[in-house]
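**Student:** Residue numbers (the UniProt record's numbering), protein chains in the order written: chain A, 1 to 475; chain B, 1 to 475; chain C, 1 to 475.
Calculated from the structure, these hints are not laboratory results.
A hint or two may mislead.
Note that the list lumps identical chains together, so a pair holds whenever it fits in one copy or between two copies.
Taking lysine-lysine pairs in the BS3-like style, the calculated list, with each CA pair at most 25 Å apart, reads [claimed, not checked]: (1) K435 / K359; (2) K359 / K236; (3) K308 / K236; (4) K359 / K449; (5) K435 / K236.
If you're wondering where the values come from, they're calculated on a predicted model, not measured in any experiment.
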Amino acid sequence: MPPFDQVFKRLFARVGGWAWVACIPLALIILATWGVAAHAQEELTAADVQVTLNNIWVLVCAFLVIFMNAGFAMVETGFCRQKNAVNVLTKNLIVFALATLAFWFIGFSLMFGANGNGWVGWGSFFLGGAPELYGLGPDGINLTKDTFFLFQVAFAGTAATIVSGAVAERIKFVDFLIFSVLLTAVAYPITGHWLWGGGWLAQLGFHDFAGSTIVHSVGGWAALMGAAFLGPRMGKYNADGRVNALPGHNLSIATLGCMILWLGWFGFNPGSQLAADPAAAYIAVTTNLGAAAGGVAATLVSWVMSGKPDLSMTINGILAGLVSVTAGCFVFGYAGAFFAGLIGGILVVFAVGFFDSIKIDDPVGATSVHLVCGVWGTLAVGLFANPNNFTQGGEGIAGLFYGGGLGQLGIQILGILTVGLFTVVLSTIFWLVVKSVLGLRVSAEEEMKGLDIGEHGMEAYSGFLKDTSDMTGVM
Amino acid sequence: MPPFDQVFKRLFARVGGWAWVACIPLALIILATWGVAAHAQEELTAADVQVTLNNIWVLVCAFLVIFMNAGFAMVETGFCRQKNAVNVLTKNLIVFALATLAFWFIGFSLMFGANGNGWVGWGSFFLGGAPELYGLGPDGINLTKDTFFLFQVAFAGTAATIVSGAVAERIKFVDFLIFSVLLTAVAYPITGHWLWGGGWLAQLGFHDFAGSTIVHSVGGWAALMGAAFLGPRMGKYNADGRVNALPGHNLSIATLGCMILWLGWFGFNPGSQLAADPAAAYIAVTTNLGAAAGGVAATLVSWVMSGKPDLSMTINGILAGLVSVTAGCFVFGYAGAFFAGLIGGILVVFAVGFFDSIKIDDPVGATSVHLVCGVWGTLAVGLFANPNNFTQGGEGIAGLFYGGGLGQLGIQILGILTVGLFTVVLSTIFWLVVKSVLGLRVSAEEEMKGLDIGEHGMEAYSGFLKDTSDMTGVM
Amino acid sequence: MPPFDQVFKRLFARVGGWAWVACIPLALIILATWGVAAHAQEELTAADVQVTLNNIWVLVCAFLVIFMNAGFAMVETGFCRQKNAVNVLTKNLIVFALATLAFWFIGFSLMFGANGNGWVGWGSFFLGGAPELYGLGPDGINLTKDTFFLFQVAFAGTAATIVSGAVAERIKFVDFLIFSVLLTAVAYPITGHWLWGGGWLAQLGFHDFAGSTIVHSVGGWAALMGAAFLGPRMGKYNADGRVNALPGHNLSIATLGCMILWLGWFGFNPGSQLAADPAAAYIAVTTNLGAAAGGVAATLVSWVMSGKPDLSMTINGILAGLVSVTAGCFVFGYAGAFFAGLIGGILVVFAVGFFDSIKIDDPVGATSVHLVCGVWGTLAVGLFANPNNFTQGGEGIAGLFYGGGLGQLGIQILGILTVGLFTVVLSTIFWLVVKSVLGLRVSAEEEMKGLDIGEHGMEAYSGFLKDTSDMTGVM
C-alpha cells in the first residue's frame with residue numbers, strides 16, 4: 001500500500017480551498033492511513049518472501065548438484081579396477097575443490113561478468129562485483145550473488161568431473177589437475193557465456209535448459225580428446241581387434257553412485273529454473289521419466305544383445321536418460337521426455353560399442369553418456385519441444401514433431417557444433433600443452449602395478465587379498 | 001484488499017444525495033484506493049507464496065523418498081552374499097525405473113483417478129488429466145499434479161523395493177521385474193486408493209498417516225508370499241531344524257544404507273502432511289524418536305539374547321522403529337512415538353527368529369521390519385494416539401491409552417486385515433502366474449555359484465579373492 | 001492493516017461534534033474499512049509464510065546435519081582396518097540414536113531451558129515445556145520447538161560422533177556408549193549453553209557462528225582425552241620412536257564419507273542462521289571456499305612433504321577447511337574464508353604428525369581435524385572478521401586484520417580456553433569413571449584378532465579373503 005498516502009497528498013494539494021467541514025475528516029483520514037501506510041512500508045511483502053524462497057530453493061538444488069560429485073566418484077571408482085581406486089577417488093574429490101577456486105577467481109566472471117560481449121564475459125573477478133555486474137538483480141535473474149555463484153560453480157564442477165572417468169587408469173595425476181583448472185576457469189565459462197551469460201547463442205534462440213550441451217557435451221568433448229590423446233589402457237584392445245573387458249572392481253558403489261546422481265539431477269534440472277515455482281515439479285517429473293525410460297531401454301537392449309541384463313548398462317542407461325532430458329526437461333511434454341530418455345538409453349549401448357570399435361578407450365563410458373546423449377538431448381529439443389506442454393508455450397519453442405518445422409532444430413544443431421568445435425579446439429590445446437610439458441601418461445610399469453601405488457603410494461583396500469594377475473604384465 | 005473499493009462503491013451508490021462538500025473527499029478516496037486495490041489484485045499474495053512453498057517442500061521430500069532406493073539397495077546388497085551382489089543391485093536399481101513407468105501408465109490413475117469409486121480410482125491415465133481429476137485443486141490437496149505425482153511414485157517404488165530383499169539370492173531376475181510392475185501398477189494403487197484416494201477406509205476413519213499399512217505392510221505381505229513360494233535358500237535350514245547363518249558380505253554399505261533410509265524417512269513421514277507447516281517439524285521429531293528408540297531397543301535385546309551387540313539388529317531396529325511410527329507420527333505424542341518405536345525394535349528381533357522357525361527365509365529381514373512393524377505401527381495408532389499432542393486433536397483421534405476406547409483400535413485392525421488379505425490374495429495370484437509361466441527359482445547350480453554369474457554374467461568385486469566354499473555345494 | 005480501524009475509532013471518539021454532513025462519509029469509511037481489516041486479520045500474511053519458510057529451511061538443514069552421521073561413519077570405518085569395521089560402524093550408527101534420547105531427556109533442557117542461569121540451563125525436560133521455555137517465540141528464536149530441537153540434537157550427535165574416530169580399534173563398545181550418553185546429556189549442553197543458550201560467553205561477545213569451538217573442539221577435546229587414556233593401538237609406535245602406518249581398509253567409503261560431510265556442512269553452517277534469508281547463501285559460499293582451500297592446501301603440503309599426493313590428507317584437508325570456517329562463516333569475507341580454510345588445511349597435516357610425535361594415537365585424525373582446526377577457526381574470527389562483508393557489520397565484529405584490534409581476539413581465546421578446560425575436566429572424569437568400573441580397553445588378543453569378532457561376533461566382509469598377518473601378533 002505504499003502509494004496510498006502519496007497519491008492522497010498529491011490530490012489534496014492540487015484541489016485545495018474546501019469547506020473546513022470536509023477538511024477535518026480528510027485530515028483525520030490522512031493521519032490514520034499515514035500510520036497504516038508507514039507501517040506497511042516496513043512490512044514484509046509476499047514478493048519479499050517469494051524472493052527468499054527462490055534463493056532457498058536454488059540453494060538446496062546447488063547442494064544436490066554438489067553432491068553429484070559423490071555420485072560421479074562412486075560410479076567412476078566402481079567401474080575402474082581396484083589398483084587404480086585411490087587415484088580415481090582423489091581426482092574426483094579434489095576436482096570440485098579446484099573448480100571452486102578456479103571459478104571463483106576467473107570462471108564466474110568469464111561466464112557472467114557484465115563487462116564482456118556476446119562471446120565472453122568479463123570483470124568483477126573474485127566475486128567482488130555488485131550483483132548487477134553478473135546479470136543479477138531487478139532487471140536480471142532474481143537471485144543473490146551467492147546463491148547464483150554456488151549453483152553455477154556446482155555446474156562447472158560437473159563438467160570437469162565428467163572428464164575424469166574417460167581418462168582414468170593411465171593419466172598422470174598432476175595433468176588431470178591442471179586440465180581441470182583450465183577447463184573450469186576458461187573453456188567451460190566461455191561456451192557457457194554464449195548461452196547462459198546472454199551471449200550470441202542465447203540471442204539466436206538456442207535452447208538448452210539445464211545443459212545437455214553446455215555442461216554434459218562440453219565435459220564429453222574434453223573427455224573424448226583426453227581419451228584420444230592418451231590412447232587405450234594396456235590390454236584393452238588385442239592386435240586382432242578383439243576387445244577385452246577390464247571389469248570394474250566395485251559395482252556396489254557404482255550403483256550407489258548412479259542413485260546419488262539420480263538424486264542430484266533433481267537439483268540440476270529443476271534448479272535451472274532459477275526460481276521456486278510450479279515448473280520445478282514439472283521438470284522433476286520429466287527428468288524422472290527420462291531416467292526411467294533410459295534405464296529400462298538400456299537394460300533391455302543390452303539384454304537382447306548379450307543375452308544377459310548388464311548392471312553397468314542399467315547404470316549408464318539411467319545416466320543416459322538423465323542427460324538426454326537435461327536440455328528439454330522444461331519444453332518436453334511427458335511423452336517427449338519419455339522418448340528422449342528411451343532413445344538415449346538405446347544410444348548409449350551402441351555408443352559404448354562404437355567407441356571401442358574406434359579404439360577410444362573410456363573406462364566408464366563417460367563419452368557415451370555425456371557426449372553422445374548430450375548431443376542427442378539437445379537435438380531432441382528441436383524434435384520434441386511441445387508448445388502445449390505444462391509451460392503453455394511460455395518458451396515459445398516447438399520442435400519438428402510438434403509443428404515447429406526445422407527452425408529450432410537448425411539452431412540446436414548450430415549450438416551443438418559451435419560449442420563442440422570450440423571445446424575440441426581449446427581442450428586439444430590444453431591437452432597438448434600439458435603433454436609437451438609434463439607428459440600425459442604414466443609409465444607402463446606404473447600402469448600395470450596400478451596408479452595407486454605409483455601416484456599416491458597407498459592402496460584403497462588394505463587388508464584384502466587381491467587377484468594380482470593383471471599387475472604382472474602376463475594377462 | 002480487493003473488496004475495499006467494491007464495498008465502497010456499493011455503499012456510495014445506495015446512500016446518494018450528499019452535500020457536494022462531502023462528495024469531493026469521498027470521490028478522491030475512491031480514486032486513491034481504487035488504484036491501490038487494482039494494484040493489489042495483481043500482486044503476489046502470501047497465500048500464493050504458501051502454495052509454492054508447499055510444492056517446493058513436498059518436492060524436496062519426494063527427492064528424499066526417491067533417495068531411499070539407494071538406502072534399500074545398500075542394506076539389501078550388504079546383507080546378501082557377494083556372489084549375488086550384482087543381482088540385488090540390479091533389482092534395486094531398475095525397480096524404481098519400472099515403478100515410475102508403471103505408476104505413470106496406470107497406477108496413479110487407479111489410486112487417485114476421480115472417475116472411480118470407493119474401491120478403485122479410474123481415468124486420466126498417463127498423467128493426462130487436469131489436476132482436479134486426481135483429487136487436487138482448491139477443493140482437494142493443494143499441490144500441483146507434478147509434485148503430487150512425484151511424491152506418490154516415490155512411495156509406490158518403496159513398496160516394490162521392500163519385496164526385493166525377501167526374495168533375494170534365489171529368484172529369477174525377470175520374475176522380480178514382472179512382479180514389481182504388477183505390484184506398482186495394480187496391487188499397491190488399489191489398497192492405496194482405499195485410504196489416500198479417499199476410498200472406503202478413509203471414510204471409515206482408518207488412520208495411517210504415512211503408510212505403515214498402505215506402504216510397508218503391503219510390501220511386506222507381497223514379500224512374505226514371495227519368500228514362501230520360493231522356499232528357503234540352499235543351506236539355510238538343516239534337516240535337524242538348526243538354522244545356519246548366511247552372513248552378509250558388506251556391512252559397511254548396509255550401515256550406510258540404514259543411514260540413507262533414516263534420512264529418507266524425514267521426507268517420507270513429514271512430507272506426508274502434503275503441505276509446508278509446523279507439523280512437518282513435529283513429525284520429524286516423532287519420527288526421529290521412533291528410530292532412536294527402535295535402534296537402542298533392538299541392540300539391547302539382541303545383546304541380552306546373544307551375548308553380543310549385533311550390528312544387523314541395530315540396523316533392523318532403527319528401520320523397525322521408523323516403520324512403527326510411520327502410521328502415527330502425526331497423532332502420537334513424543335512419548336507415544338518413543339514407545340511405538342521401542343516396541344517395534346523389540347518385535348523385530350523376535351520376528352526374525354519367528355520367521356526362521358517357520359522356515360520362511362528372508363535374507364534381509366524385510367518381512368520382520370516392514371510387515372510385522374507395519375502392522376504394529378498401525379495398531380499403535382489405536383493405542384497411543386494422543387488428542388492432546390501437538391496437533392491439538394485436530395485429527396480427532398484418541399487411542400485406547402488416551403481415553404479413546406476401542407473404537408479407533410477396531411478400525412485400525414479392520415484396515416490391517418483387509419489391506420493384508422487383499423494384498424496376500426493378489427500377490428499370490430501374481431506369484432503363481434509368474435511361477436507357472438517362467439518358473440520362480442534359478443537352478444540349484446546357479447544358486448550355488450551365485451546369481452551374478454548365472455543371471456548377469458558379471459561379478460560385483462572383480463579383482464578381489466573370495467572364499468568360494470559356499471559355491472561348491474560342500475558347505 | 002489491523003490498527004487502521006482502531007486508530008480511526010479513537011480519533012473519531014476524541015474529536016466529536018462535527019457537522020452531520022461530514023459524519024456520514026466517515027461512518028461509511030469506517031464501515032468499509034472495518035470489513036477489510038477484519039478480513040485481513042484472518043488472512044495469511046507474508047510474515048506467516050516467512051516463519052513457515054524459516055522452519056522448513058532449518059528442518060532441511062537439520063536433515064543434512066543428521067546425514068553427517070553417515071559421513072562420519074564412512075570416513076571412520078574406511079580409515080580403520082577391516083577387522084574393526086563392524087565395531088566402528090555400530091558405534092557410529094547407534095551414537096545418534098543415543099544422542100537423540102539423551103538430548104531429549106536432559107541435554108536440550110541443560111542447553112536451552114529457561115529456568116537456568118548463565119552457566120547452565122534448566123527445566124522443561126523431555127521437550128515438555130512451552131516454546132518460550134527454550135528461548136523460542138516472539139522474543140527469541142523464531143522457530144517452532146520441534147524444528148529447533150531437531151537442529152540442535154543433530155549438532156549434539158556430531159559432537160559425540162567425533163569422539164568415535166579417535167578411540168577406535170581398541171575401546172570397549174559399552175564404554176563408548178556410556179561416554180556418548182554422558183557427553184550429549186551433560187557436557188556438550190553445558191558449554192553449549194554458555195554461548196547458544198544465551199549464557200556468559202554470549203554476553204561477553206564470544207563469536208562462534210556454527211560451532212568450531214562449541215561443537216568441534218568439544219568433540220575434539222573429549223576425543224583427545226579418550227585417546228590419551230586408552231593409549232596407542234598395538235604396533236603403532238615402535239620402541240625406537242618410529243611410527244608404523246596402520247592403513248585404512250576402504251578408501252572408497254572414506255572418500256564418500258568426506259563428500260557426505262561436505263554436503264552436510266551446507267546444513268550445519270547456513271542452517272545456524274536459524275532463519276531463511278540471503279545470509280544462508282552467503283554462508284554456503286564461504287563454507288565452500290573454506291572446504292576447497294583446505295583440501296587443496298593439505299593435498300599440496302602432503303605432496304611436498306611426502307613426495308606423493310595423499311588421499312587421506314585430501315579428505316582431512318577438506319574437513320579441516322570446513323571446521324576452520326565454521327566459527328566465522330558469517331563474519332568472514334570471501335578472502336577471509338579462503339585463508340581460514342587454507343591455513344586449516346596446512347595445520348591438519350602438521351597436527352597429524354604432532355600427535356604421533358607425542359604418541360597420541362588417533363586412527364582417523366579426529367583431533368587434528370576437529371580440535372586443532374576448531375581452535376584455529378575460532379581464533380580466525382578474531383583475525384579475519386570483516387565488518388564490511390556481506391553482513392555489513394551487522395554482527396559488529398572486526399578482527400585484528402580488519403581494524404578490530406585485539407579485543408575480539410582476546411574474547412575468542414577466552415572462549416576457547418574455558419570451553420576446552422571444562423570439557424577436558426568433565427570428560428576426564430567420565431573416562432576415569434568408566435575405566436574404573438568397566439575397564440577402557442579390550443584385551444590384547446581381542447585387539448589383535450579385531451573387535452568385530454571380539455565385541456560383536458561377526459565380520460564386516462564375509463566371503464572375502466583377507467590378509468591376516470596383523471591378526472597373528474607377528475606384525
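**Student:** Hint by hint, note whether the structure agrees.
**Tutor:** Quick rundown of the hints versus the structure:
no.: 1; hint: K435 / K359; in the structure: within (20 Å within a copy, 44 Å between copies)
no.: 2; hint: K359 / K236; in the structure: within (9 Å within a copy, 47 Å between copies)
no.: 3; hint: K308 / K236; in the structure: within (22 Å within a copy, 28 Å between copies)
no.: 4; hint: K359 / K449; in the structure: within (23 Å within a copy, 34 Å between copies)
no.: 5; hint: K435 / K236; in the structure: within (22 Å within a copy, 42 Å between copies)
Hint check: no violations occur; every hint is consistent with the structure.
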